[in-house]
Each structure stands twice: as structure tokens, then as C-alpha cells.
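Take a look at the letters that make up each chain.
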Amino acid sequence: MKTIHEIEITTTEVILDRKPITVQESGDKMLVELYRRYVGDYPKFFKMDTLSRLGFIAAELLLKQSAISGEQSVDAIILANRSASIKNDTDYLATISNGNYYPSPALFVYTLPNIVAGEIAIRHHIQGETAFYILDTPEQLEQIIQSTLQAQGTTQRTALAGWCECSEANKFYAKIQLLRTI
Amino acid sequence: MIYCIGHSIISSLGVGSEANVAAVRKGRSGLKIYHDRYADVEPFCASLFDTPQEFVPLCVRCIEDAIGHLSFDICHLPETIIIVSTTKGDRLDLITPAKQIAAHFGNPNLPIVVSNACTSGVCAQITAKRLLEAGMYEHAIVVGCDLQTRFIISGFQSFKALSPEPCLPFSPDRKGLNLGEAAATIVYSRQPSAGSSRPLWTLEAGSIHNDANHLSAPSRTGEGAYRCLMDVLQGTTPEAIDLLGVHGTATPYNDAMETIAIERAGLQNIPISALKPQFGHTMGAAGVVETIICMLMAKRKDRTAEVIKMLSGFGGVNAAIRLKI
Numbered sequence: 201m202k203t204i205h206e207i208e209i210t211t212t213e214v215i216l217d218r219k220p221i222t223v224q225e226s227g228d229k230m231l232v233e234l235y236r237r238y239v240g241d242y243p244k245f246f247k248m249d250t251l252s253r254l255g256f257i258a259a260e261l262l263l264k265q266s267a268i269s270g271e272q273s274v275d276a277i278i279l280a281n282r283s284a285s286i287k288n289d290t291d292y293l294a295t296i297s298n299g300n301y302y303p304s305p306a307l308f309v310y311t312l313p314n315i316v317a318g319e320i321a322i323r324h325h326i327q328g329e330t331a332f333y334i335l336d337t338p339e340q341l342e343q344i345i346q347s348t349l350q351a352q353g354t355t356q357r358t359a360l361a362g363w364c365e366c367s368e369a370n371k372f373y374a375k376i377q378l379l380r381t382i
Numbered sequence: 006m007i008y009c010i011g012h013s014i015i016s017s018l019g020v021g022s023e024a025n026v027a028a029v030r031k032g033r034s035g036l037k038i039y040h041d042r043y044a045d046v047e048p049f050c051a052s053l054f055d056t057p058q059e060f061v062p063l064c065v066r067c068i069e070d071a072i073g074h075l076s077f078d079i080c081h082l083p084e085t086i087i088i089v090s091t092t093k094g095d096r097l098d099l100i101t102p103a104k105q106i107a108a109h110f111g112n113p114n115l116p117i118v119v120s121n122a123c124t125s126g127v128c129a130q131i132t133a134k135r136l137l138e139a140g141m142y143e144h145a146i147v148v149g150c151d152l153q154t155r156f157i158i159s160g161f162q163s164f165k166a167l168s169p170e171p172c173l174p175f176s177p178d179r180k181g182l183n184l185g186e187a188a189a190t191i192v193y194s195r196q197p198s199a200g201s202s203r204p205l206w207t208l209e210a211g212s213i214h215n216d217a218n219h220l221s222a223p224s225r226t227g228e229g230a231y232r233c234l235m236d237v238l239q240g241t242t243p244e245a246i247d248l249l250g251v252h253g254t255a256t257p258y259n260d261a262m263e264t265i266a267i268e269r270a271g272l273q274n275i276p277i278s279a280l281k282p283q284f285g286h287t288m289g290a291a292g293v294v295e296t297i298i299c300m301l302m303a304k305r306k307d308r309t310a311e312v313i314k315m316l317s318g319f320g321g322v323n324a325a326i327r328l329k330i
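Just so you know, the protein sequences line up as chains V and S, in that order.
Those letters in the first sequence? Residues 201 to 382, by the working numbering.
Those letters in the second sequence? Residues 6 to 330, by the working numbering.
Just to be clear, a hint being listed does not mean it is correct.
As the list claims (entries may be wrong) - Computed list of lysine to aspartate or glutamate pairs in EDC-like fashion (alpha-carbon distance at most 20 Å, straight line):
hint	chain 1	residue 1	chain 2	residue 2
1	S	Lys165	S	Glu84
2	V	Lys287	S	Asp98
3	V	Lys219	V	Glu208
4	S	Lys104	V	Asp336
5	S	Lys104	V	Glu339
Unchecked claim - Which chain V residues face chain S? A few, computed with CB under 10 Å, are given here:
hint	residue
6	Pro243
7	Val309
8	Ile315
Said to hold, decoys possible - From the derived model, a few chain V residues whose C-beta atoms are all more than 10 Å from chain S:
hint	residue
9	Pro220
10	Val223
11	Glu225
12	Phe308
13	Gln350
Calculated from the structure, these hints are not laboratory results.
For every residue, glycine included, the Cβ atom is placed at its ideal position computed from N, Cα and C.
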């Protein structure tokens, strides 16, 4: 398995293939800054919760870097984190608090961690596998990625895989790779 | 190839796979109408435990029932992995309860939680198959569980996805889904000798595909579900399948999508099983509960059978597995 490209996004830094990208903003605003600079033509971005925005931006920059898109080029999206969709779950809970009960379907749909994988699949027309795992440590993900790609056959496979986490407002971390089997 | 060496279901219909399948055979349903279970929430129809359950003890009890007949202590082994399938875990926390389950059984490995919306229970079995076949583990305990809360019911109501009365999968009069709660366990092993009775079901194939179409509405062409069915049909023929366990949520769009996918895959003449009228939609448990019921219902006189279980969920994800005995 070979890493083609790698991106790491913290609340203050973006590192693409080991080179930092200059950003003015931090936290949630930084994700919007990156969207405006590198994407700009996908207004659905503003409907997304932070976890989805994070994964979306990471995938966008990775795939731009490799100049690949389309269903033939990515076979699997395999993401994981420790806190599932807790940030958006908390936001949804606020819409059903006692005495202020207006459950929001727009928020409810993001109360599942795998939605970020779905957002990336829709954006890039990836009809391969999408999967989300909740793990205690990022190291556990290696076994899952390896066994997933191994099970998909002997032809060359490409996967977007890695850690994508947003535990509270303005607190997130992503480390996602574009991987290819040899 | 991996072997099913044990299983269990705990639902409002009973404790243990046999009790649940007997209830299904008698046509019993766990669905009831609840008027004031949760503050502010409109009346709803669901299959809930009479006595409210807690996530970790319920999963523990279900695993104990699934492994009780084994002649060795499977849980303590370093070659056993525990895989939890859930969407909302224990009050939104998914990893802590999984670790508590592993700790309870003294399992030395960090557990894996599969959270792939409504397809989780099938995806977790696929994860087990891959890890075992890659030689990373010898045994996998797959436990699926979700308990209903004000959070979930209010969300599905806000989506207008719930039927106020018992659901009617694949009926022209279907009005939506009913939620449910359950725990279910399947124990898989690379070693057929690990099971106490033969013959054993084998998990032959598994596939996951995204529609890449919409987050909360299924594809009009059933693309992801169709691709999953075609993948799991490799190595067999539609005619060889005895039973197709559909998702059958009874929402207008889901059942229409599944019908298209089933026809495209050439499975339109195979008997289908839609179990939501018995169990409700048990979310993270659904794939495990419904796989077990399909296995127990499908066995032919010559004790051979082949079944497919399919599911679809939010995020555009679809999954299917094929099992054989």
C-alpha cells in the first residue's frame, strides 16, 4: 500500500504532502476560508456540519492534488474517529430541549458520523464503498484499511482513508490519505 | 470463508434466537403505540423493551447467550475481536460502551465500532469477514445494538419518516417506518471445529456501495443496492438463493428503490423477508437481527440454503451479504 497524497488539518494548520498551506483564519472559519479559496462552486458546503466540512475540504485538496476524480478512480472511502458525530448531536439536542422543542431535520441528518463519507461520495460521484468506524486509537484503522483493500481483489485499488474528527465547536482534526495498492 | 458458530437476539419478542424466530413464525409483533413515552414527542409506534434496558448490560447478555454453548472461552483469546454495530450507542457515546463490553469479557483487543447508519449490522459482518480472512484474527464477535431515545424518535418524526401505525413494507399503502430496539450477536470463526454443532452457516460474500446521490433519499435507480447484490451474487446464481432479506423500511422511497435494485439483479422471483413489522427498525442491530432470522427461516428439508441480506441507509450507503449452509 502506497500513500499518494496526505493531508493533515488542525484548527490552525493545513499540511498537504508535508508542506504547510498558508491560512489567515483558524477553526471553523479556516474551513470556510479553504472552501472559498479552493472550491467556491458547491454551496451545499454551507449546509454541512463541521465534521462533514472537514472531511469535504480534506478530500477536495487531496483529489485536486492528484487531479483525479470520478467513480473509476476512488474505490473506497474509509474514515474513522473517536467521538462519532458528537458535536452535531449536541447541536441537534439543543433543538429538542425542554420548552423549546423544534427538532430540525437539517441537523438530524448529520447526527451520523458516516454522513461525511456520503458527502464526499456525492461530490466526487464515488459509488464504491463508504465506511465509518469509531475507534479508540488511529492505529486500529490500519488493519481495517488493509483488510478492506485486500478483500476487494487483486486489481489496483485507490482509497481515501484516515481520521476525521470534530469533538466540539472549533475543535477538529483530520489526517487523511489517498492510498493505492501496489 | 468464515463460519457462524453462534448467535443470539434479544428483543421485545423474546430472549434468544429461537424465541425470536418462534415469535416471528407465530406472526407476533413487538410493535405498540406509545403516547407519552418522551416529553413533547408526538405519539409513535415502535417495538420497545417493556423494561427500559441499558446498552452495555444488554450487549453483554446477548453475547453471553451467543457463546454459551461453545466449549472454549472465546472472549479471553487475543485472536478474538469484538465488533460493535451501533448508530447512537449509549446516549451518543459509541466508543466507551464498546470498551466496557470488551473489558467485561476480558478481551485483550481494542474493540471496533462500525457506525455506517442503518447498514451498520451488515457492514460489521463484512468487517469481521475481512479481518478473519486476512488472518488478523481467528474469531469475531459481532454485536449490534441500539436503544430508542427522545433524540432518535424526534429526529425521524421531523423527517416525517415514521408511520403512526404498524408499518407495511412493500405494500402500496405503506406510510413509513417504525423504530425498534434490540441487541443481536453473531459469532464468526475461521475454524468450523470451534462450533458445537454442524453443519454451520458460512459468510460467503459481502459488499458495500454508495449511491453518491443524496444523503437522506435513496437512489431512484437503486444503483448502490444493485451493485451490492451483483457483487454478492458472484459465485452463485439468482436461482440458488432461497431467501432475500430486504431492508423493507416501508417508507415509499426505500421500498421502491429496493424493488428496482432487486429486479435489476434478477432476484425478482426469490421470496423476500421484511422483518420491520415484527421488530421495527432496530438501526445498528437491524443487520444482525435480520441476518439471524433469515438463516433460521430459510433452511430447506435437505438442510442446505443460501440467503442474501441487504440494507440501505442515510449517507447513501448500501450493503449486502450472502450466507450459505
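Which hint numbers doesn't this structure obey? Result: hints 1, 6, 12, 13 break, sorted rising.
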